[in-house]
Amino acid sequence: MKRAVFYLMIASIVLWSAGPLLWQFATSLKPDAELTRLPPILPLAPTFDHYRALFTDTPLLRIIANSAIVSSCSTAMSLVIGALAAFGLADLNVSAKKLVLIFVLSASMFPPIAIVSPLYLIIRGLGLRDTWWALIVTYTSFSLPLSVWIMTNFFRQIPEELYLAARVDGCSPFQAFIRIMLPLAAPGVVTTAVLVFIFSWNEFLFALTFTATAKSRTIPVAIALFPGLHEVPWGDIAAASIVVTIPLIILVFAFQRLIIEGLTAGAVKG
Amino acid sequence: MTRIRFEHVTKAFGTTPVIKKLDLAINAGEFFTFVGPSGCGKSTILNMIAGLESLTDGLIFFNEILVNSLSPKERDVAMVFQSYALYPHMTVYENIAFPLRMKKEKIGSIDGDVKRVAGLLGLDDFLGKKPKELSGGQRQRVALGRAMIRKPKVFLMDEPLSNLDARLRIEMRSELKKLHRELGITTIYVTHDQAEAMSLSDRIAVLNEGTIQQCDTPREVYRNPANAFVAGFIGSPAMNLIPCHELSSQTHEYDCFGFLFHPPVNLSTGGGDVIAGIRPEDVIVSSKKSYASVEVKVTLIEPAGSYNWVDAERGKVLLKGLARPEEDLEPGQVAYANLSSDKSIFFDAVSGRRI
Chain V
1 MKRAVFYLMI
11 ASIVLWSAGP
21 LLWQFATSLK
31 PDAELTRLPP
41 ILPLAPTFDH
51 YRALFTDTPL
61 LRIIANSAIV
71 SSCSTAMSLV
81 IGALAAFGLA
91 DLNVSAKKLV
101 LIFVLSASMF
111 PPIAIVSPLY
121 LIIRGLGLRD
131 TWWALIVTYT
141 SFSLPLSVWI
151 MTNFFRQIPE
161 ELYLAARVDG
171 CSPFQAFIRI
181 MLPLAAPGVV
191 TTAVLVFIFS
201 WNEFLFALTF
211 TATAKSRTIP
221 VAIALFPGLH
231 EVPWGDIAAA
241 SIVVTIPLII
251 LVFAFQRLII
261 EGLTAGAVKG
Chain C
271 MTRIRFEHVT
281 KAFGTTPVIK
291 KLDLAINAGE
301 FFTFVGPSGC
311 GKSTILNMIA
321 GLESLTDGLI
331 FFNEILVNSL
341 SPKERDVAMV
351 FQSYALYPHM
361 TVYENIAFPL
371 RMKKEKIGSI
381 DGDVKRVAGL
391 LGLDDFLGKK
401 PKELSGGQRQ
411 RVALGRAMIR
421 KPKVFLMDEP
431 LSNLDARLRI
441 EMRSELKKLH
451 RELGITTIYV
461 THDQAEAMSL
471 SDRIAVLNEG
481 TIQQCDTPRE
491 VYRNPANAFV
501 AGFIGSPAMN
511 LIPCHELSSQ
521 THEYDCFGFL
531 FHPPVNLSTG
541 GGDVIAGIRP
551 EDVIVSSKKS
561 YASVEVKVTL
571 IEPAGSYNWV
581 DAERGKVLLK
591 GLARPEEDLE
601 PGQVAYANLS
611 SDKSIFFDAV
621 SGRRI
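Line order of the protein sequences matches chains V and C.
Counting in this note's numbering, the first sequence runs from 1 upward without gaps.
Counting in this note's numbering, the second sequence runs from 271 upward without gaps.
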């Protein structure tokens, strides 16, 4: 009986979180005629038409490639800059550390919509409009407060004596960072990477503003702007959502163990 | 063999002074210990020698070469930390080999050295393990191995034994001493445990609030403490310190709570109150009254096997002494303390300085 309640609760939580995604999946398999009708919840005559249409009628592969490149580059840059900054703020003799951290955090207080127009002017002025770089630079800057804060906390949790020991054992500060501190902060780095990647993958406003064509357009914008002649192509949109969610699911599952370690680090002394 | 000299070394964190004008020479090959209560600045001194902490003022020399601006790497020192600071993501082998790897030595010679050091410390069977799989004592050995392997100019040890249990600590103590004799490398040791300092060192420096109170051989520091702080800090149990009030500045008569002390005239101040110091082992407590004994009240008995430590009080003064177990003293009982007053020493009550 207790067991049954337990599984029932788990099932309801899973349904609660995965429900929308499953609904979307069901929708993506429905033929056009069934799309706007309820019931049925499940497609009566499942079809892969929408998926086929995606890859033949739209430049979806190019769009996915855009997103992958923009997200990966933003993540990489955010990690490199963020990890170095976090290491400095956590372990080195930097003056006014607190002030710097608060300053970094304050940068993320401005809502994107408030700064999107000046940013657009800057991007246009630099000639970066409708290029990957427009988004890479923006995403890197906007994810930096997050990555600096998360990783600073991770570096702080590493006992200071390990850094001192590395210095005595003949490391320069940078060598100590690469050989000792970074491997030990790996769970934090991976957690940050996944969060930044997801942020970049899903970002809409800047992507909508800075891109113009399929040359640089990313997934959220592309899906929103799916061409529909007289109606919204719900089936295609659903199919596209499912396709672009897959990379994220793979990513999260691949690093699951490290992410859990990262999110719960400090809770239990290891 | 490296000789280390401090010249007017001062260290302050912000406006808080931690080390005040340290002048000291540590001889080549010496086992030198800084001992003092926590917060007295002893770890800061080690970090300054290692180059992990900059000096606010002053100079540090290795063999008369100024090292102030040298990085830890260039100073060629090795350090053992209280927490061992083993690299958790590396095996024992990689931990011990790390300093040599950083020196870019050949893989073959590194391998030989690691095996030799591991053999010396009895770590052969653990080379493939990660630090978290080891016991405290084994971790301690790995930390020592990592320090030893590149034959540094100076060994720095920051309370290396304080995380071990009592039995292991004494075992490692004699091992450290043996190791020092075999390697002959100048070793600077930091501890708050005066017994450890006494048993290991050639010389010790007693630190308090950033200044050296006394620097001498363990024997001298124990027998001839320079001031009341050293007297109270060195020796276990601590020395009894009994205040003596000067009754008349002409006759230099003192009232020492009824204890029979004969303080010498304080030449530096020409009189004034003094403190009498006497080691607990020079105080015999007995239930029988004898000539020159003083009445006290027993408050606590601590059996130590062949003898008992006795805590007693007389008025406001607490006294620790020895009693034979046959005495059958009980807490609350009246007893008689016999002080070997020829073994007593005296300090100025104001400055704490030895008279």
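Calculated directly from the structure, the hints in this document are not laboratory data.
Glycine included, C-beta positions come from ideal geometry on N, C-alpha and C.
One should not assume that every hint holds.
[Stated by the list, open to error] Short, incomplete list of chain V residues facing chain C, as computed with Cβ under 8 Å: (1) D57; (2) P59; (3) P159; (4) A165; (5) I180; (6) L182; (7) L184.
[Unchecked claim] Think about it this way: if two alpha-carbon atoms lie no more than 30 Å apart in a straight line, the pair counts; the simulated DSBU-like pairs of lysine-lysine are: (8) K385(C) with K399(C); (9) K423(C) with K291(C); (10) K402(C) with K373(C); (11) K97(V) with K343(C); (12) K385(C) with K373(C); (13) K97(V) with K290(C).
[What the hints assert, rightly or not] Some chain C residues near chain V, calculated using beta-carbon distances under 8 Å: (14) P342; (15) K343; (16) A355; (17) Y357; (18) H359; (19) F368; (20) K373; (21) L449.
Hint check:
1. D57: 50 Å, violated
2. P59: For P59(V), the interface hint is violated, since the closest Cβ of chain C sits about 44 Å away, which is over 8 Å.
3. P159: 6 Å, holds
4. A165: 4 Å, holds
5. I180: Since chain C brings a Cβ to about 6 Å from I180(V), closer than 8 Å, the hint holds.
6. L182: Not OK, violated: L182(V) not within 8 Å of chain C, min 10 Å.
7. L184: Where the cut-off is 8 Å and the nearest Cβ of chain C is about 6 Å from L184(V), the hint holds.
8. K385(C) with K399(C): 14 Å, holds
9. K423(C) with K291(C): This hinted pair holds, its Cα atoms lying about 25 Å apart.
10. K402(C) with K373(C): At roughly 26 Å apart (the allowed maximum being 30 Å), K373(C) and K402(C) satisfy the hint.
11. K97(V) with K343(C): 26 Å, holds
12. K385(C) with K373(C): 18 Å, holds
13. K97(V) with K290(C): 28 Å, holds
14. P342: 5 Å, holds
15. K343: 5 Å, holds
16. A355: 4 Å, holds
17. Y357: With Cβ-Cβ at 6 Å, under 8 Å, it holds.
18. H359: 5 Å, holds
19. F368: 5 Å, holds
20. K373: At 6 Å from the nearest chain V Cβ, K373(C) passes the 8 Å test, so the hint holds.
21. L449: This interface hint is violated because 18 Å lies over the 8 Å limit.
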